[in-house]
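The residues making up each chain are set out below.
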Amino acid sequence: EPEVTQTPSHQVTQMGQEVILRCVPISNHLYFYWYRQILGQKVEFLVSFYNNEISEKSEIFDDQFSVERPDGSNFTLKIRSTKLEDSAMYFCASSGLSGLPVSNQPQHFGDGTRLSIL
Amino acid sequence: EDKVVQSPLSLVVHEGDTVTLNCSYEVTNFRSLLWYKQEKKAPTFLFMLTSSGIEKKSGRLSSILDKKELFSILNITATQTGDSAIYLCARDFGNEKLTFGTGTRLTIIP
Chain A
1 EPEVTQTPSH QVTQMGQEVI LRCVPISNHL YFYWYRQILG QKVEFLVSFY NNEISEKSEI
61 FDDQFSVERP DGSNFTLKIR STKLEDSAMY FCASSGLSGL PVSNQPQHFG DGTRLSIL
Chain B
1 EDKVVQSPLS LVVHEGDTVT LNCSYEVTNF RSLLWYKQEK KAPTFLFMLT SSGIEKKSGR
61 LSSILDKKEL FSILNITATQ TGDSAIYLCA RDFGNEKLTF GTGTRLTIIP
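If you read the protein sequences in the order shown, they are chains A and B. So in our numbering, spot 2 of the first sequence is number 2, and the numbers just go up one at a time. So in our numbering, spot 21 of the second sequence is number 21, and the numbers just go up one at a time.
I should point out that these hints are in silico values taken from the structure, not numbers from a laboratory. Among the hints, a few may not be true.
[Claimed, not checked] Straight-line C-alpha distance at most 20 angstroms; calculated SDA-like pairs for lysine to any residue:
1) LYS67(B) x THR50(B)
2) LYS67(B) x ASN104(A)
3) LYS41(B) x THR5(A)
4) LYS57(A) x ASP86(A)
5) LYS67(B) x PRO106(A)
6) LYS83(A) x GLN17(A)
7) LYS3(B) x LEU118(A)
8) LYS41(B) x ARG114(A)
9) LYS78(A) x LEU118(A)
10) LYS83(A) x ILE26(A)
11) LYS3(B) x PHE71(B)
12) LYS57(A) x MET89(A)
13) LYS40(B) x ASN104(A)
14) LYS37(B) x LYS68(B)
15) LYS42(A) x PHE71(B)
16) LYS41(B) x SER9(A)
17) LYS40(B) x LYS78(A)
18) LYS42(A) x THR44(B)
19) LYS42(A) x SER10(B)
20) LYS41(B) x ILE26(A)
21) LYS37(B) x PRO106(A)
22) LYS40(B) x GLY40(A)
23) LYS37(B) x THR5(A)
24) LYS3(B) x ILE38(A)
25) LYS78(A) x GLU56(A)
26) LYS78(A) x LEU97(A)
27) LYS40(B) x LEU11(B)
28) LYS42(A) x LYS67(B)
29) LYS3(B) x LYS57(B)
30) LYS37(B) x LEU61(B)
31) LYS37(B) x GLN37(A)
32) LYS37(B) x GLN105(A)
33) LYS57(B) x ASN104(A)
34) LYS78(A) x GLN17(A)
35) LYS57(B) x LYS67(B)
36) LYS3(B) x ASP66(B)
37) LYS37(B) x GLU3(A)
38) LYS41(B) x ARG80(A)
39) LYS3(B) x GLU59(A)
40) LYS78(A) x GLU18(A)
Only chain A is shown next, with the shape it has when bound in the complex (with noise of 0.2 angstroms):
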């Protein structure tokens, strides 16, 4: 089964440094998403990026985060200068396939990527 794919895993960073995740989106889907979860609490929406620009983002997703689709397969956030609180669980997810209404699509999750900013 195809699957959203993460990396890396766990990434370990000194605070003010610029970070970049990485994420490979099920093949075929259109629309692409960030989420972040702060140890012991909710799963919060960053942004979603669909035909190759940000259709929505929340109050989280500031200046110092950006989002970039460089080719056909990769999707990145970047957190430019990172703060002790942006230590969290980043998820990335897509959905949306091609040729199908997408209102009745889930979005699929990768594994995640670890943050710890020191």
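Assemble the complex: chain A is given as a structure, and chain B must be docked to it using the hints.
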């Protein structure tokens, strides 16, 4: 407020028991309600509910949505230790974002 509330927060039962997990929400304009199972890492998709009153089933799991009363339930019959996980409920506004509840931590004792 855009809120999804799940109950109970935690549940411990014996193998073979039946459990019912609850999810309620406050805003009516959404496309679907989804259930996910989160074991160690990725939330794994279980059900997507778009219509009120229509039960969805997958093996020992079933779920139903009540749009009038703004809630959904997830039932698991004849529970097994492999059902131990956090069960997440989320609302979908239509491929823009999912709003998740805090989850119910289910523990099955052998």
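Take the C-alpha atoms of LYS78(A) and GLU56(A), compute the straight-line distance between them, and say whether it is at most 20 angstroms. holds, 17 angstroms
Hint check: LYS3(B) vs LEU118(A), CA-CA at most 20 angstroms. Holds or violated? violated, 32 angstroms
For a C-alpha distance cap of 20 angstroms, please report whether LYS37(B) and GLN105(A) respect it. holds, 17 angstroms
Verify the proposed pairing of LYS41(B) with ILE26(A), using a straight-line Cα cut of 20 angstroms. holds, 17 angstroms
For the pair supplied as a hint, LYS3(B) and ILE38(A), is the alpha-carbon distance within the 20 angstroms limit? Status holds; Cα separation ~18 angstroms.
Straight-line Cα separation of LYS37(B) and PRO106(A) no greater than 20 angstroms? Holds, at roughly 13 angstroms.
Under the criterion that the straight-line Cα-Cα distance not exceed 20 angstroms, is the pair LYS37(B), GLU3(A) satisfied? holds, 16 angstroms
Holds or violated: are the alpha carbons of LYS42(A) and LYS67(B) at most 20 angstroms from each other? violated, 23 angstroms
Between LYS3(B) and LYS57(B), is the straight-line Cα distance small enough, at 20 angstroms or below? violated, 26 angstroms
Does the structure keep LYS67(B) and PRO106(A) at a Cα separation of 20 angstroms or less? Holds, because 19 angstroms separates the two Cα atoms, which is no more than 20 angstroms.
LYS67(B) and THR50(B): Cα distance at most 20 angstroms? Roughly 9 angstroms between the alpha carbons, so the hint for LYS67(B) and THR50(B) holds.
Agreement of LYS41(B) and ARG80(A) with the hint, judged by alpha carbon distance not exceeding 20 angstroms: Between LYS41(B) and ARG80(A) the Cα gap is close to 25 angstroms, so the pair fails against 20 angstroms, i.e. violated.
Comparing the model with each numbered hint stated earlier shows that hints 7, 10, 13, 14, 17, 26, 28, 29 and 38 do not hold.
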